[in-house]
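Given the coordinates of chain A, work out where chain B should sit on it, guided by the hints.
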Amino acid sequence: MNSATTHIVDDDPAVRDALQWLLRSRAVPSQTWESAERFLAVATRDLSGCLLLDVRMPAINGIELFDRLRALHCRLPVIFLTGHGDVPMAVQALKDGAFDFIEKPYDDNALVDKVLAAIEHDAKRCARDGTILMLRQKLATLTQREHEVMQRILAGKLNKVIADELNIAMRTVEVHRSHIFEKMQVRSAVELSQVLGVLGDAQDY
Amino acid sequence: MKSPTPPPFAERFSRSRWLWILSRLPFILFVSGVALLLWMSDRADREERRTTLISDVLWLEQNLRFHLTRNEELLGRIDLAHTASAKGFESFARTLFGFESGLRQLIWLDVEGNIRQAHPTTMDPDLAGEAAAGLPSRQSFRLAQSLGKPVYSSAYPFFTDDWQFEVHVPVSREGRIVGVAVGIYRIRDILGDSVPWWLAERYRISIIGDAGKVLGARSKIASEVTEEGYQVSFDPPGWGLALHAVPYHAPRPLASMVLSTTLVVLAMMVLWNFWALRRHVLRRQAVEEQLRQEHAFRKAMEDSLDTGMRARNLDGEIIYVNPAFCRMVGLPATELIGRRPPMPYWADDYLDETQTIHDRVLAGDGPVEGFELKFKRRTGEVIDVLIHEAPLIDAHGQHSGWMGSMVDITERKQAEERARQQQDRLQSTARLVAMGEMASSIAHELNQPLAAISSYCTAAVNLLRNRAPATEVLPALDKAVEQARRAGRVVRRIYSLARRSENRFELLHLEERVDAALSLIEADVRRTGIRITLDLRAPILVEGDPVLLEQALFNILRNAIESMRNTAFDQRLISIKLACADGYALLTIADRGCGIDAGVADKLFDPLFTTKPEGMGMGLAICRSVMENHRGRLTFEGNPGGGTVFHILLPMAQQ
Chain A
1 MNSATTHIVD DDPAVRDALQ WLLRSRAVPS QTWESAERFL AVATRDLSGC
51 LLLDVRMPAI NGIELFDRLR ALHCRLPVIF LTGHGDVPMA VQALKDGAFD
101 FIEKPYDDNA LVDKVLAAIE HDAKRCARDG TILMLRQKLA TLTQREHEVM
151 QRILAGKLNK VIADELNIAM RTVEVHRSHI FEKMQVRSAV ELSQVLGVLG
201 DAQDY
Chain B
1 MKSPTPPPFA ERFSRSRWLW ILSRLPFILF VSGVALLLWM SDRADREERR
51 TTLISDVLWL EQNLRFHLTR NEELLGRIDL AHTASAKGFE SFARTLFGFE
101 SGLRQLIWLD VEGNIRQAHP TTMDPDLAGE AAAGLPSRQS FRLAQSLGKP
151 VYSSAYPFFT DDWQFEVHVP VSREGRIVGV AVGIYRIRDI LGDSVPWWLA
201 ERYRISIIGD AGKVLGARSK IASEVTEEGY QVSFDPPGWG LALHAVPYHA
251 PRPLASMVLS TTLVVLAMMV LWNFWALRRH VLRRQAVEEQ LRQEHAFRKA
301 MEDSLDTGMR ARNLDGEIIY VNPAFCRMVG LPATELIGRR PPMPYWADDY
351 LDETQTIHDR VLAGDGPVEG FELKFKRRTG EVIDVLIHEA PLIDAHGQHS
401 GWMGSMVDIT ERKQAEERAR QQQDRLQSTA RLVAMGEMAS SIAHELNQPL
451 AAISSYCTAA VNLLRNRAPA TEVLPALDKA VEQARRAGRV VRRIYSLARR
501 SENRFELLHL EERVDAALSL IEADVRRTGI RITLDLRAPI LVEGDPVLLE
551 QALFNILRNA IESMRNTAFD QRLISIKLAC ADGYALLTIA DRGCGIDAGV
601 ADKLFDPLFT TKPEGMGMGL AICRSVMENH RGRLTFEGNP GGGTVFHILL
651 PMAQQ
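Taken in sequence, the protein lines are chains A and B. Read left to right, the first sequence gives residues 1 to 205 (the working numbering). Read left to right, the second sequence gives residues 1 to 655 (the working numbering).
If we strip away everything but chain A, and leave its shape as in the complex, we get (with noise of 0.2 Å):
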């Protein structure tokens, strides 16, 4: 399951049907679920891929479904298909984290590209997810003095004033400083700092 797939949520059989048709025609792999309940059974965070969901379900309802999955931590990129009555709804949920949505009637091939666009948009997040959890594994082997000791090469001060700072021997720092690339699988200061800016200004390393 973890290759890129367009789940297909419809009560429709015959539109189901003659999506997984159109996406074929496009290679595209899709599946089909005939309602928002068979698509939760088997829902989790590492599904990859897109969601095509009609908004209007008995029962579930595609919004309904598109909350749940969020609380699930699934971040399946979602494309909601709606009908003329359900656009309001459909632009909340664009508000709320959707991908997109297309009204009915809509250009099939149009379609096809946002799935598309949307299989690309899911790969590069499980792949910067790949990255970060990796830099993750990485931080998490550096001792509390080797942290301290890089947030500081970070700043850009001298091993000289990291020892003042930190009250230790010049020889000391060196010995951190090389300990740090190590693990870090870097060569430089610089290139350390950029491994670490994938992470973001918001992330606490």
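Think of the hints as simulated: they come from the structure by calculation, not from any bench. A few of these clues could be false.
Unchecked claim - Chain B side only, calculated, beta carbon under 8 Å to chain A, not exhaustive:
1) Thr-354
2) Ser-455
3) Lys-479
4) Ser-575
As the list claims (entries may be wrong) - When the alpha-carbon atoms are kept at most 20 Å apart in a straight line, the in silico DMTMM-like pairs for lysine to aspartate or glutamate are as follows:
5) Lys-95(A) / Asp-107(A)
6) Lys-376(B) / Asp-110(B)
7) Lys-87(B) / Asp-110(B)
8) Lys-374(B) / Asp-424(B)
9) Lys-104(A) / Glu-437(B)
10) Lys-104(A) / Asp-110(B)
Unchecked claim - Label-pair distances were calculated between CB atoms; the ranges are:
11) Leu-72(A) / Ala-484(B): 34 to 42 Å
12) Pro-88(A) / Leu-432(B): 17 to 25 Å
13) Ala-443(B) / Glu-37(A): 25 to 33 Å
14) Leu-474(B) / Gln-31(A): 21 to 29 Å
15) Glu-562(B) / His-73(A): 53 to 61 Å
16) His-73(A) / Phe-609(B): 50 to 58 Å
17) Leu-432(B) / His-73(A): 36 to 44 Å
Backbone N, C-alpha and C define an ideal beta-carbon position, used for all residues, glycine too.
Quick look at chain B alone, frame taken from chain A:
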């Protein structure tokens, strides 16, 4: 409210008291005058009786004196012929006794005082008084001899209950006294002999001696003496005697009795009358006071009412209004009382209706359960009132008019109207929502197969572009066909839904349907003040569904009413005309509304087209479809005088 306040009770009371005293004064004067008169007449009467008494007593005294004096003279004339023999003396005595003057015995004494002759001779042995000194009295004898004049002795008792006295008359012959003739009087006999019967009838006459001792009396035992009598000295004949007369209680004269009794009775009657009158007046005052209080109570009650009260006499003239009614119509009572219809407070637009109901009430045919009317205030504001009329029965049980009570129900009516409008809006909104819901549901139903078709076809195109084999493409196209059929089924279902209500055609009178439609819009017509003229000449039979026709007519009429929202009141008119020609019935409905713009005219019958903010755009579309269903036509044109005319053309039923 500005009724003259009655003077304070105390003041009224004192005034009536003053009147009361004033009216009593003559009465008091009258009674005291009568009493004075009676007293005076009584006194005069008494005086007169007293005078009579005195003169009678004096007369009696004179009479007695005369008898005594005559007897003296006769005794003085006694001579020898008489004294010589007892026989002669007896005849002389009998002569004297014959005068009946109370003389009872004669004695002849010689100069020595010896009894020579006596008649009657019998002497009672137990004589009292001077008899003790010998009879006759020596003292008187000597006195008479020495004086040579007649001398009376004092009275002395004779037997137990009688008194007598003597008269000694010296008889002289040739200048020498030869003897003394003694006459003995008995007092009882004096009274019995010399007092005449008429005097004895009137008085009790007695002779009183020394120290007031009654020596003898002549009296009727039965009668009572009433007042003090009169006493006159009877001295010269006797010693210390007095004549006393006491009048008997004489019956008063009848006339005077009648007069005084009448006066007293009359005075009593006047007094009783007066008392009765006073009691009557007092009772009347009490009743009056009660009445006044009752009146004040009722007036306060009427004034505090919120319900307007208005009384009319049998001619319809207003005879009474209460303050609430004045407030209601904004006119003072003075401007209302005495008015005849049409009343100043009748609403101008409803004069005929009001007059009709007014006449019905006066004819005794008014609605018992009350009725609603429109009145106007002085300001011209029209108000709704609920009126109940009841016959006015006066104190004699006569039906004298009608009493009406009025309640202002304007606010209630307005509230009802607002509620109704609100209800209308709600219903219309609900209809819109329902319709939107239905349209949305239909759209979804159709969207699904259409979306599927589109997707299948796009897939087929994509595959063909990539030079895929036909066998790979065909299933997609088959499925697309299947979805197209599905869409067709949806459309057919909607159709059948729309045609679900089957037309029930029957023979019907078109004008009756017009009436029915008019009754549906009656409330709106009244509210907006629109006039409707009807020209439904002949009954026209058509074949059709009564409910659908009614609905169509209702839609057109309601459009007409709404189009006149901004038309002046007096211009608001809907004229409905029904005619027939060439086997067709032509119904014309003309209004004076805002008319139809040229740009709108083309789309007027399109479904969902509307010029009204709350409209659905279905009304005229339905009308047109109903008319076409009935093999008729619905057209419209501008009204030359402004507004729109709708023509409905329907084939008449084949007879």
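Requested in this report: Starting from Lys-104(A), check that the Cα of Asp-110(B) is at most 20 Å away, please.
Outcome: violated (201 Å)
Requested in this report: Return holds or violated for the Cβ distance of Pro-88(A) and Leu-432(B) against the range 17 to 25 Å.
Outcome: Roughly 18 Å apart at Cβ, these two residues keep to the hinted range, so it holds.
Requested in this report: For the hint on Ser-455(B), just tell me whether its beta-carbon gets within less than 8 Å of chain A.
Outcome: OK, holds: Ser-455(B) within 8 Å of chain A, min 4 Å.
Query raised in the report: Does Thr-354(B) meet its interface restraint, that is, does its C-beta lie within less than 8 Å of any C-beta in chain A?
Result: Violated, about 55 Å.
**Report entry** Satisfaction of the Ser-575(B) interface hint, Cβ to chain A closer than 8 Å
**Finding:** Because about 45 Å separates Ser-575(B) from the closest Cβ in chain A, which is outside the 8 Å limit, the hint is violated.
Requested in this report: Take the C-beta atom of Leu-432(B) and the C-beta atom of His-73(A), compute their distance, and say whether it sits inside 36 to 44 Å.
Outcome: Since Leu-432(B) and His-73(A) have Cβ atoms about 43 Å apart, the given range 36 to 44 Å holds.
**Report entry** Straight-line alpha-carbon gap Lys-374(B) to Asp-424(B), limit 20 Å
**Finding:** violated (25 Å)
Query raised in the report: Holds or violated: 25 to 33 Å for the Cβ distance of Ala-443(B) and Glu-37(A)?
Result: Holds - the Cβ-Cβ distance for Ala-443(B) and Glu-37(A), about 26 Å, lies within 25 to 33 Å.
Query raised in the report: Straight-line Cα separation of Lys-104(A) and Glu-437(B) no greater than 20 Å?
Result: Given that 20 Å is the threshold and the Cα spacing comes to 18 Å, the pair holds.
Query raised in the report: Is Lys-376(B) close enough to Asp-110(B), meaning Cα to Cα at most 20 Å?
Result: violated (146 Å)
Query raised in the report: Falls inside 53 to 61 Å, the C-beta gap from Glu-562(B) to His-73(A)?
Result: At roughly 59 Å between Cβ atoms, His-73(A) and Glu-562(B) fall inside 53 to 61 Å, so the hint holds.
Report task. Just tell me: holds or violated, for the beta carbon distance of Leu-474(B) and Gln-31(A) against 21 to 29 Å? Result -> holds (24 Å)
Going down the numbered hints, you'll see the structure goes against 1, 4, 5, 6, 8 and 10, while the others check out.
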